[in-house]
Amino acid sequence: MSHVSVVTRLAASAALLVASSAFAQSSGPIKVGLMLPYSGTYAALGNAIENGFKLYVQEQGGKLGGREVQYFKVDDESEPSKATDNVNKLIKRDNVDVLVGTVHSGVALAMAKAAKDNNTLLVIPNAGADAITGPMCGANIVRSSFSNWQPGYAMGVVAGQKGVKRAMTITWAYAAGAESTKGFTEGLEKNGGKVMKDLTLPFPNVEFQALLTEIAAQKPDAVYAFFAGGGAVKFVKDYAAAGLNKTIPLYGPGFLTDGTLEAQGASAQNMLTTLHYADNLDTPKNNAFRKAYALAYKSQPDVYAVQGYDAAQILATGLKAVGGDLSKRDQLAAAMRKATVDSPRGKFTLSPAGNPVQDIYLREVKGNNNEFRSIAVKALADPARGCKL
Amino acid sequence: MSTATFLVQCLNAVQYGLLLFLVASGLTLIFGIMGVINLAHGSFYMIGAYLAFALAPWFGDWFVTRLVAGVVLAAVFGYLLEWAFFSFLYDRDHLQQVLLTYALILVFEELRSLLVGNDVHGVPAPSWLAGGFRLGGLMEYPWYRVFASAACLVVALALYAVVNRTRLGMMIRAGASNRDMVRGLGVDIRRLYRIVFAGGVALAALAGMIAAPLSSVYPGMGSSVLIICFVVVVIGGIGSITGALVASLLVGFVDTFGKVFFAEWSGVGVYVLMAIVLIWRPEGLMKRGF
Amino acid sequence: MASDAAVASPDEVVADVGALPDIARREAGGWLVPAAAALVAAALPLVVSPYAQDLVVRIAIYAIFALSLELLVGATGLVSLGHAAFLGLGAYATVLGSGDSGGSIALLLPLAIAAAAAYAVVVGALSLRTRGVYFIMVTLAFAQMAYFVVHDTKAGGGSDGIFLYVKPTLAIAGKTLVDLGERMTLYYSVLVALVATYAFIAMLLRSRFGHALAGIRVNEQRMRAAGFSTTPYKLAAFVVAGALAGLAGFLLAAKDGAVNPELLSWHESGAVLLMLIFGGIGSLRGAVLGAVAFTLLKEVFQSEALLGPLAQHWQLTLGLTIIAFVAALPRGLIGLGTRLRGLARARPASTTAGTPT
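Chains as they are written, first to last, in this note's numbering: chain Z, 1 to 389; chain W, 1 to 290; chain U, 1 to 357.
Do not take every clue at face value.
[As the list claims (entries may be wrong)] In silico lysine-lysine, DSSO-like type, Cα no more than 27 Å apart, as pairs:
no.: 1; chain 1: U; residue 1: K154; chain 2: Z; residue 2: K197
no.: 2; chain 1: U; residue 1: K154; chain 2: Z; residue 2: K82
no.: 3; chain 1: Z; residue 1: K347; chain 2: Z; residue 2: K378
no.: 4; chain 1: Z; residue 1: K82; chain 2: Z; residue 2: K92
no.: 5; chain 1: U; residue 1: K154; chain 2: Z; residue 2: K31
no.: 6; chain 1: U; residue 1: K298; chain 2: Z; residue 2: K82
no.: 7; chain 1: Z; residue 1: K92; chain 2: Z; residue 2: K320
no.: 8; chain 1: Z; residue 1: K182; chain 2: Z; residue 2: K246
no.: 9; chain 1: Z; residue 1: K246; chain 2: Z; residue 2: K197
no.: 10; chain 1: U; residue 1: K154; chain 2: Z; residue 2: K388
no.: 11; chain 1: Z; residue 1: K182; chain 2: Z; residue 2: K219
no.: 12; chain 1: U; residue 1: K154; chain 2: Z; residue 2: K194
no.: 13; chain 1: Z; residue 1: K347; chain 2: Z; residue 2: K366
no.: 14; chain 1: Z; residue 1: K182; chain 2: U; residue 2: K298
no.: 15; chain 1: Z; residue 1: K92; chain 2: U; residue 2: K154
no.: 16; chain 1: Z; residue 1: K298; chain 2: Z; residue 2: K320
Source of the hints: derived by calculation from the structure; they are not laboratory data.
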């Protein structure tokens, strides 16, 4: 084999590679990297998000922006310390075009940093860390869910309007809890109330008895709690078992009662929560969505499935605007920002920082559903403190 | 803090401590008698909780019967697990036991995910234990928690009786102090180990079953219990049931009052306690041998 | 033999205790095998993808971490279940010391090592009062304390961790010599650190100090009975191990650009112990091999490309593999090598533990 022919071969292959990658930019499948919790406490949420995302793609005939979708999955194990390595599997090993994830805020923050460092598109279908659309915001980062501040603020407004003057908050000592209670405090103080004490316990400790006794001793007008998953179930049950639900109303963001009602049973009945979704929103879009989801997956959708569904919608809107041409990255990102999303939760738009500007609903627990009661705050936008966009 | 609040907090501390004791007693038995470090002990707790969930529709309000059935099932499972897997660990050093039992945790977690899924499930308390009684106008104390504490105390007493008053207990105590001597005396040490292991598993599973209505069942519930249990066993003295009881109550108090007074640092509290105890009494509070 | 000496020299006691054969034993190939491996690693960027290079860097950092623990577990016989605390503290010191505009390697690297070493002095002094399984648990307790301080208090940045926005650099007279933000620079810096750590520990183990550690591992009671004070040696080993883990932490912070309380968790401490067991306790090569094997194994089992839908159940495949592995190869991968060589030479393989290089 002569050197010349080796060089020619190499050059030809290189040219082919370059040509085919340019070709791949405008046809061939879109590579979607799903980084979600497939094991551990949040596994059910990860599955719901993926189901919702795939449902939307299926409704579009399996294509987004006219192109097939190829999925790559990585289990983030809800472990922030492994997040950078895991997201690099998708960015550097699988060379995905879009990143979708995740549930845990600590992991999502690492994903956002990696997305900014590598200029990859990122759609976040849950993690509510305020920082993602705050100091860490980026033109290529968009969220289809909420910021921790939003439901908390709305609940504070509702509580203030109900005449709550002295409230206590209780949550785990981590960023999501702090941000949620901060939102509540802001909303409450703007409506004539005050938070007298913030109770915290180490994450993910679920021995609440000591703090429930403290609440009982202080006798506030209301309590705002932020917990999720197993912790939410236990807290609501313990609160009711201590008889506190009869004298001190318990408020919280929807995570306190979403996906947990079957486990909480009677202890959660008549609880008021705020969230950007309610199971029984009687709109054509929501009814159709719930029916399609139940048909496809043999289970009822929850807010996480909606967020996954909308993540796909936002991506599709952007792709449609650039005709499926991924090389027009900046236009694609901008088009995604300008999307008006026809979501099962109602129509919403995105703030300049990339967070949904949406109605927050007040819901009441009845049976195994969070039923819509009223709109707590209309078109609420996260203040995006620290975002320089 | 008013007297009423203080008393309620004490009740909370005791109840948490007693439940911890149930899990820790199994661990200290296995650790003390067989010398096996078993990281999978938290998984047995989880299995018990999921058993409670699975058996609930079959037994309805026959709660105590359900507990007994669960304990029997867990004991059988433990007996078989020892025969199939753990008996190979005795000859290995501690590090290999750590590795193998850690692998077992992974296997159990995945099996749980495949068999029961990843959702959080509630387990209702029996209706004859529903509700609570008012504690001096402060709050209600659920009857179920009283039942849980009582059940743990009963088990503790039964354990004490078995270990100190029966032949089996005598063999266990002998095996804990001098394994080779016992073997030399003709006792079938293998069968003894199998029984002790089955007992340890049953205790942990029972704790899980009792705790299930309180904490509900969810993925990962085993690992949160595991590390605290190790702390309890080490503080109390490896192999000592009385030590496990004292240590569990100590941990219960530190955790409960720590949360009230030192919110930010309460997570550290239990470990500070362990460090202090071990530096003062390196072998734990009670000596081996019950 | 040395029973009537006032205070015997370490070498005399060690010989008395019977640890010398372990120290004198050499592994196949001597220096050549590790040197060859280093050269291969240095040449890898020419042929592998950027993702694979990241993987190599990650493995190398964990190899340094594993080597530091090998000094404790394999050489001295002290099993610590809290070693991740030193890794985490080194990483946190790096990030906290960097601030918003980044910092100099000349400042941050010593800072990371010093922070880890300082905590190691405290933990070591208190833990070495206990023995056996109690020692294991006390080291765990101290690691958990550090974990909760970092996780729960405002000083540590909370459960989501902190980000490093500008990676450490080394500049002299305004000219940047080393920028760890550059991929190739980081790659070779980590490789150099690994080789240096390996060489350092190997030489340490051949020294008087290393001989003393071997004696302590084989029979501490006899060492003490001969009038030899073992605690200062154990403490020194503990602190050196902690300092090296701090070095690994510095490199990890530079690589990831983020630190998180989970770096100090017992899962991390358990994982590095697993790496040692995988590779084979009592061998520096084993420590590195274990880091490589454990990381690659996890990578393979989680890979959808290789295992399809089974990748989602990686916990099951990994768990069963570990069980099968330990059942078949109790002496780790290095034991496999010894066994094969023993078969080849038709002579029974050596069974004493020791720390040859």
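Against the structure, the hints:
A threshold of 27 Å between alpha carbons decides the hint, and for K154 (chain U) with K197 (chain Z) the separation of about 18 Å falls inside it, so the pair holds. Proposed proximity of K154 (chain U) and K82 (chain Z) is supported: the alpha carbons are some 22 Å apart, at most 27 Å. A C-alpha spacing of about 12 Å is found between K347 (chain Z) and K378 (chain Z), which places the hinted pair at or below 27 Å, so the restraint holds. Our distance criterion of 27 Å between C-alpha atoms is met by K82 (chain Z) and K92 (chain Z), whose separation comes to about 15 Å.
Note on K154 (chain U) and K31 (chain Z): the hinted pairing is violated, with a Cα-Cα distance of about 40 Å set against a maximum of 27 Å. Taking the CA atoms of K298 (chain U) and K82 (chain Z), the gap is about 12 Å. The hint holds against a cut of 27 Å. For the suggested pair K92 (chain Z) and K320 (chain Z), the alpha carbons sit about 26 Å apart, so the restraint of at most 27 Å is met. Note on K182 (chain Z) and K246 (chain Z): the hinted pairing holds, with a Cα-Cα distance of about 26 Å set against a maximum of 27 Å.
As the CA atoms of K246 (chain Z) and K197 (chain Z) are separated by approximately 21 Å, the hinted pair is consistent with the 27 Å bound. For the hint pairing K154 (chain U) with K388 (chain Z), the CA-to-CA distance comes to about 25 Å; that is within 27 Å, so the pair holds. A hinted pair counts as satisfied when its Cα atoms are at most 27 Å apart, and K182 (chain Z) with K219 (chain Z) qualifies at roughly 21 Å. Distance check on the hinted pair: K154 (chain U) and K194 (chain Z) sit about 23 Å apart at the alpha-carbon level, within 27 Å; holds.
Between the alpha carbons of K347 (chain Z) and K366 (chain Z) the distance comes to roughly 25 Å, so the proposed pair stays at or under 27 Å and holds. Proposed proximity of K182 (chain Z) and K298 (chain U) is contradicted: the alpha carbons are some 40 Å apart, above 27 Å. As the CA atoms of K92 (chain Z) and K154 (chain U) are separated by approximately 34 Å, the hinted pair breaks the 27 Å bound. As the CA atoms of K298 (chain Z) and K320 (chain Z) are separated by approximately 31 Å, the hinted pair breaks the 27 Å bound.
Comparing the model with each earlier hint shows violations of hints 5, 14, 15, 16; every other hint is respected.
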